[in-house]
Every structure is written in C-alpha cells, then in structure tokens.
Amino acid sequence: MMEKITVLLVDDEKDFLSTMAKRLGKRGLNPLRAETGEAAIDLLKHQPVDVVVLDVKMPGMDGIATLREIKKIDPLIEVIMLTGHASVEAAIQGMELGAFDYLMKPTEIDELCYKLEDAYRKKNLQEQKIRQMERQWK
Amino acid sequence: MGFMAFLKKLTTRRKPEDTADVEALRIDFKERYHHFKLLLNANSNALSAMADMEKALSGIYPFSMSFVRSRCTQVSVNVFQMIQHMHKLAPGKFPALDERFVHIRHELDSVFKAEKQIPDKRLVIPFKDIHREMADIVGNKMANLGEIRNKTRFPVPPGFALSTYACDRFFEHNGLQMEIDRKLQAVDGDDLQVLYQLSSEIQQLIIRSSVPDDLKDAMQEAWREISGNGERPLKVALRSSALGEDAAGSSFAGQYLSALNVGVEDFFDAYKEVVASKYSLPAMSYRLSRGIRDEDVLMSVGCMAMVEAVSGGVAYSRNPVDMQDGGVFINSAWGLPKSVVDGTTDCDILVVSRETPMKVIHRSIADKARKYVCYPEEGVCRMDLTEDDRRRNLSVTEEQAVSLAGIAVSLEEYYGFPVDMEWALDPDGNLLVLQCRPLMLKEKAGEPLSEAENAKNPEAVIVKGGITASPGAASGVVHKVEKGADVLMFPQGAVLVTDQALPRWAPLINRAAAVITGQGGFAGHLANVTREFGVPGLFGVSGILEKVGNGEMITVDADRLTVYRGKVEVPRTFPAAKSVMAGSPVYEILKQAAGSIVPLNLLDPDSRDFTASNCRTFHDITRFIHEKSVQEMFNFGKEHHFPERSSKQLYDKVPMQWWILNLDDGFSEEITGRYVRLENIACAPMLAFWEGFAAIPWEGPPAIDGGGFASVMFRATADTALTTGVRSKYSDRNYFMISKNFCSLSSRLGFHFSIMEALVSRRISENYITFQFKGGAANFERKLKRVIFIGEILEQYGFRVDIHEDNLVSRIEGREEPYMLDRMKILGYLTLHTRQLDMIMANPGRVAYYRSKIEKDIERLIQTG
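Just so you know, the sequences run in chain order A and B.
Using our numbering, the first residue of the first sequence is number 1, and each one after it goes up by one.
Using our numbering, the first residue of the second sequence is number 139, and each one after it goes up by one.
If you're looking for bench data, these hints aren't it; they were derived computationally from the structure.
Computed from a predicted structure; not experimentally measured.
The C-beta atom is built at its ideal place from N, Cα and C for all residues, glycine as well.
Any given hint could be a false lead.
[What the hints assert, rightly or not] Just the calculated beta-carbon pair ranges, DEER-fashion:
#: 1; chain 1: B; residue 1: Asp247; chain 2: A; residue 2: Gln126; range: 25 to 33 Å
#: 2; chain 1: B; residue 1: Pro737; chain 2: A; residue 2: Gln128; range: 40 to 48 Å
#: 3; chain 1: B; residue 1: Asp564; chain 2: A; residue 2: Thr19; range: 41 to 49 Å
[Said to hold, decoys possible] Some but not every residue of chain B turned toward chain A, in silico, with C-beta under 8 Å:
#: 4; residue: Lys168
#: 5; residue: Ser208
#: 6; residue: Ser214
#: 7; residue: Glu245
#: 8; residue: Asp247
#: 9; residue: Phe250
#: 10; residue: Arg901
Only chain A is shown next, with the shape it has when bound in the complex (with noise of 0.2 Å):
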C-alpha cells in the first residue's frame, strides 16, 4: 500500500487546487495547498513536506523562482511541475533546477499519482541512503 505521502499543492487556480486536493486525498495522500508560491515557501519552511506539485505560471513569485526556493530549503524535497503552457524551454530549465518531471496540464489523475509515488520513493531512497552513510561514519 502505498504509504502517507505529504503533497503541497501550488496553483493559483483555486478551483484545480480543491478539486485535485481532494481527490489526492481520497486516495490516500496526505494533501496541503498553497495558492501562491510565497504561500507555499512558507509553509514549506514550517511544515516537512514530501513532494511539492508546482504550477508553471503564477501570479507574484512564478513556478521556477518557487522551485529555486524550495531547493535551498530543502533540496531531497522532489517538485513536480505542472504546466498549462508546454514549452521546451521552460521545461528544461525546471528539470535543470532539480525537478522531478514535468507535466502537462491536464494531466489524470492516476499518474499524477504514479508519479508523486515515484517521487516520494526517489526521496525516501536519498533518506535511507543518507542515514546509512552517517551510520557508518558514527
């Protein structure tokens, strides 16, 4: 089964953020929002928060300066960006900046799960393996 995984969801859609809260919800995540990327950085600062699943283009503080932020918070935290305007560029740039993938809006709902299952397995990977190098160095 797949375990209690902590998603944020940044979108200044209200709509898309309530919707897909609660279907995440229903199938078994944990899910929070945030309707601004400043929003989501500071609740990110208060809260430990597995995958962030990030608009593109928002008003004030856009997708890809969030994604810089949230990396220097926390850089095991994976991101997930979702966009409503494909493009080659902006993709690659988030990959460069650490995103996990990059998805095109709309995308269904089941593999966004797969996808933030993949993610938070990727992260719980990069954890263990961290704990075990601090073991063996102990």
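Take the given structure of chain A and dock chain B to it, following the hints.
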C-alpha cells in the same frame, strides 16, 4: 575519492561481512533499480510521444501548435530524465550525452523561436490613413479597403479599424491569451464535440472580459470624427479583418462574425463578439485542419459606416470555377448583401463581358424569397418578400451591373489578381465597395457527359439541377444537417445535405465526401470552403431534403449537376482532394522539430559507431541509453560479490539453462544459494512468460536427441560453462533480470537471438512489452519468412510490429495487467515453438499447419490463464 579509499571501498564491497555494509549495498541496489525503472518509464514516454509525432507527420490528421509544443516538450523532458538516470547508473561514464542533449535542444529552440512582433502601436486607425502595406496592423481585409479608398478612389463608406495591437492590448489587459492557451492544451485532436465545448468556453471568456480605457478613448475619438462630432447619425458594421489569412492559400471564408448596424453604446459588446469569433467552431476547426497557428491569426476589426442597402451582393472579376471564362459575375439580391454572402437565398446572376464596351451577356433572375434590412434602432432583420415586393424582379439594373463589373475589373488590374468584391447600392443610387479580396479559383471542370453516357444510369438519377459550387464527384451516405446538434453527429465521409448553405456548416466540410444544398449559390462562404478543401459541392438543388433519406448511399456529380442513387462510377474530371495539412505552417514546424527528434541513426549496438557522441537525435539518445542502462544493471549485479544479488540458476523441478538476476523485489524471499526455485519468483510478467514457455511441449521437427527438442530445453546439462562462476557475454545465454513488475530477457536459443522487456503492473498507462527477434540457422529467405510469420501472429494479438530485413521489433503498451500477462504467455510460447520454424518455411502446407496449431495453442493458453 582517492585510490586507496577506492580500493578499500572495493574490498569492503567484495566481502560484505558486517550487516551495515550489507544494508548499504541493499539500499544501493534499491536506489539503482529505482533509477533504472524511472529511466525505462522515461524511455516509454519519449517513444510514445515520438510515435504521435510520426503519425501526425503522415499529414492525414489535423493537429495544432499546442500538439507540436506538448509532444516536443514531452520528448525533451523524458530524454533529459533518461540522461540524469544514466549518470546515476554509470557516474562519469557518458559525459558526451549532456553535450549532445544541449546541442539538439538548441536546434529545437530555434524551431520554436520567431515570435510575432506588432510594429505599430496605434490602437485605432481611420480609413484615410490605411493602405495596402498595413496588413500586419489592420489585417488584409481593411488594408485592401483602405487602399481602394485612398488610391483607386472607388467609393468606400467612411470608417476606422481597431488594430491588431488594440486586440493584443485587450487580451493583455485581461490575461486572456494565457488562459486560452491553457484551455487549448487541455484538448488534443479534432473531436468536434470537444472542440465545440472549448469554442464556447473561450468565446464566453472573451465576451466577459473588460475593455481597457485607452482603447475606449481612442474609439470614441474616431467615432466623433466620422460622425462629424455626432451631427450625423452613425451606425457601423463591424467586420473581422484577421492576419494570416494568406497562409497556405487559405481563404478563412466566413468563419468570423460580422456585426451589422451597431450603435456607439453597444460598440464594445459587438467588438468583443467579433474578436471572440476567432475561436468560433468553424474558425478553430479550420485552423486545425489547415495547420494554421493560432498565434499567427491576429484580429483587427474594421468599423464601417452602415449602408442601408437597397440591394447588394458579390462581384467576381472572373468565373470562380473556370478561370478561362472571360465573364465578370455579378451576384445580387434585395437588401443588404448579407443574404448573398451567407448563401441563405438564391440570387440574381448577371454575367458582363470583359471586352469594351462591357455589356450584360447573360442574366438569370432568381426568386428572391427574403432580404435583410437594418432595424431603425440597431441590428438587422430578415424579411420575407411577397410577389408585390419585386421578388422576381432583377435586383440590380444592367447599367449598374456594368458599373460594378467595371470596378471589379479595375481592381483586378490594380491588384494583379482576380478579385471577389462585396458591394452595396445605397438609397441615393450610389454603388459602394464594402470588401475586396483575392478570388479563389478552380480549374475548369470536365466536359459534360454526352447524352449517350448520361443515359447509362437513367434509373439511378435522383435529381438533376443546381449549380456547381465546387467541382468533382463522390459517393457517401446521406447525413442531413438542419440544426447545430446535427454537426456533432456527422459521420466521417458522409454526404452533407442541408437546405441553406450556411457558413456554420463549414467545420463539416473536411469530413464530408460531398455537399448538397437546397439553396445558395457559388458566391457564398460555404461554397468557398468546399472549393478550398476540394470537396464536390452541388448547391441550390431545390427540394433535396425531401428527395434523399438519412443513411442512404448516393453519388454526387457536381460537374454534371446530378445526384444518383447508390454508388455510381462517374468519370473523374478532377484530381482527388489531397491532405491539406502537409505544407501548412504548423506541419512545417512539426517536420522541422521532428528532424531533431525522430530519426534513428544508432541501429547496431555492436557497431563501433554506437557511442554517446554519435547521438544526433533524441531518438538516438534514448536508444543508446536504453542499451547501456540494461548492461549497467546487469554488470552491477555481476561485479558485486553479494550473494543476494548475483544471478541464480532457475530450478523448475530440475535445474534449467536460465539465469535470473534479481533487481529489487523479484524474489519472494532472499535467496543466498545457487538456485532459485520457480515458486520463489515473484515477478508476474516472468511467471506468465514461463507459463507460456512450459505449457505445451514442442512436437516439432525431427528430434535432436531421443527426447526431442523440449527435453533439451528442459533438462539441465552438466556443461560447466553454464554455471554461474564462469564469465561469458550475457547475451550468449538466457538471462532474466527481474523485479516484481519488470522483466528483461536476453536469450540465445540455438541460432536465434531475442530480447524481451516487459513492465506490467496496476499502472496501466506505464505498461509495455517489447520483443525483438533476429537470426536463425536457415538461409536468408527462410529466416525472413519466419520473421514475417511471427510478426503476423504478434500483430494478430495486438502488437505493433516493425520488420527490417530479418530483424523484428514489436511493441505493445498501455493495456491492463491481465491482457499484458496474456501477451507474456504468448511470447513464452512463441519463444519455444518458433525456434525451428525456419526449417519448414519453404513448405506452404507445413506453414499453414503450424499456423493453425499455433493459433489453437495460444487460444487455449490465454483461456486457461
């Protein structure tokens, strides 16, 4: 890491005695496997986007820029991921991949660059300042009209244009483009139902938006100017004047809204409606099917003082269906020219000779049942005409017709191409030019059939009559269209039968085999669109709706004005319609982008040229990485003396010649010994494969030894070369790499070589199986026959099969778990049973026998599963 540290690490790895090391190694394996799995996913995603692109390149299906952008992005992102995962699996081993990626990505960037810049920042431009070179600011329609007014001095009503910049400003003010692009990306393909929904959403979005003040001010000022500071009562007609209409020789006939007789207080409501009509269903489906980029179509709106026309219509400087014909065609009806343009009523046709003195050489007077007039307040209304209303009288005098012909010919000379000109006659008797654009011409249709030929099928003739709106002939089943909902039900390849030739039916034209209308002539928008798409059109066939029934097969011969019952062979007079996508701007962009993505140059993994730096396309990169990642995964297991993760020999009652490498969770428990028993294998796809492999013994050609071939396969040999301790190239033997949901098999059975890879889990969209097969002991021709034989069986069970020489590559993807596992059984079965089929390939009787046996076996195998 220093050399000593490296050595130390190596030694600790080789003897993982303490549990911490074992644990570290386990995590290492798990992490590597996760990278490998993500790499395979990315590979699958990239390949499927490439397959979409290849399909689109056939030019048969319409697609949009957002399709091109999203597929290119999908490939790029997934190739990027593959490279990252490859670096994790083999750190520092393939640095050239990054350089190749950046290079190819820059090639792609240059394809998508070339943003459109609007050079002029004026929001509103009066007609007096507009000329022909301003098409990028006010659209072709208004640029032409300004030119006529200012250069040729033919009379044009006063007016002004809201520029493309004004529209840009309006969109930007409301953040519209972003929202629209988002909606557009959300749908793919050309499903009319989806497009319909999308079209109405976008149009509503635009209509609900607010107009910025600077645009309002600029409009008011222009309004004051042409109304003499409000002294003259003024109503205007708003007409779209879009950019990009010239692209791919397209006409954009009648897709956009015009708003007639609009007062100042409702001006911007009308403006928004006209601008929104860029996303009308006809306009959207038209751009899609002609490969025109949305962003290339910028909307300018012309506002022209309304003419309360006594009569009006369209003049052609040439015969649109026969450019050799010297006549000038004047189409005319009572009231506003709208009825002629829309094709909603029959109109008078006068043909004027080109030679001076010009005179009317032909006239046909139509019974004009209705006309459009301006309401006193605002808007227009349709009036039915009675006999007293001169409905059977000529709506334009011969003298006026000659004047109009004179203007049309002058404009043709001025512009250097035949023109299509909308005109109106005002209450004072002045002729005014309302619009002028290039005339779409068609080659002359074939000669009429002789009477003798015509008599061949007299009993099949349903009706004769009407006019050729677009030449050609075609058969199809009747689908009548009377209301909007009928559009959504329209089957591909049907004959569109409708009463009025309304522009709203235009989205159906490229789906229709032919079009018949009860009313309307060749001057209407719908007629233009049928000509543009090369779809035969027979218009003005009165009573056609009563003469044919829905679902009935008929043949339409537009050239000879005849409709037949059933499918009738009529001699073609015109080449068949060709794909309109090829050569279009969107198609060209896809083609260019695909050039950096789709071609595969790295074909042979054993070749010296199979290197990272030789990757020239994204496809090369995926091919290269896939091959190398499988090798890396395999070697990693071998290089570590880690009993859990070295390969195990399969034990199914007896030891088998199959070795299994557990990548992650492929065994139900940790196995430390030499063998793994079948019951300890947790890999569903491998178990399915094995079930198919072991189910039905080979009864085939003469036994190699006393026990038959099957016994060779199933009995362990004492050959020491096959034990785990001895190194050999992995492809020389039968190796499975497995996890719970994944298995990869390289096998060399006898003389043939196969590679199979499968990912099967509850994640339906990620599921795939690939199977490659090559070689054999027989001569080339028989090998080839066998490959084709196997390919046919695979295709029968849903695989996509590609064969190059004697090399077969097949793939199936995106199906649910039980279906995929059945396919694994089939591959297992085929791996055993086709082994020596090349021996019997020369004998058709034997081939047929085996074919039917194989099909029966497979059916049994799948059912029992």
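(message) So, against the hints stated earlier in the document, which numbers end up violated here?
(response) 3, 7
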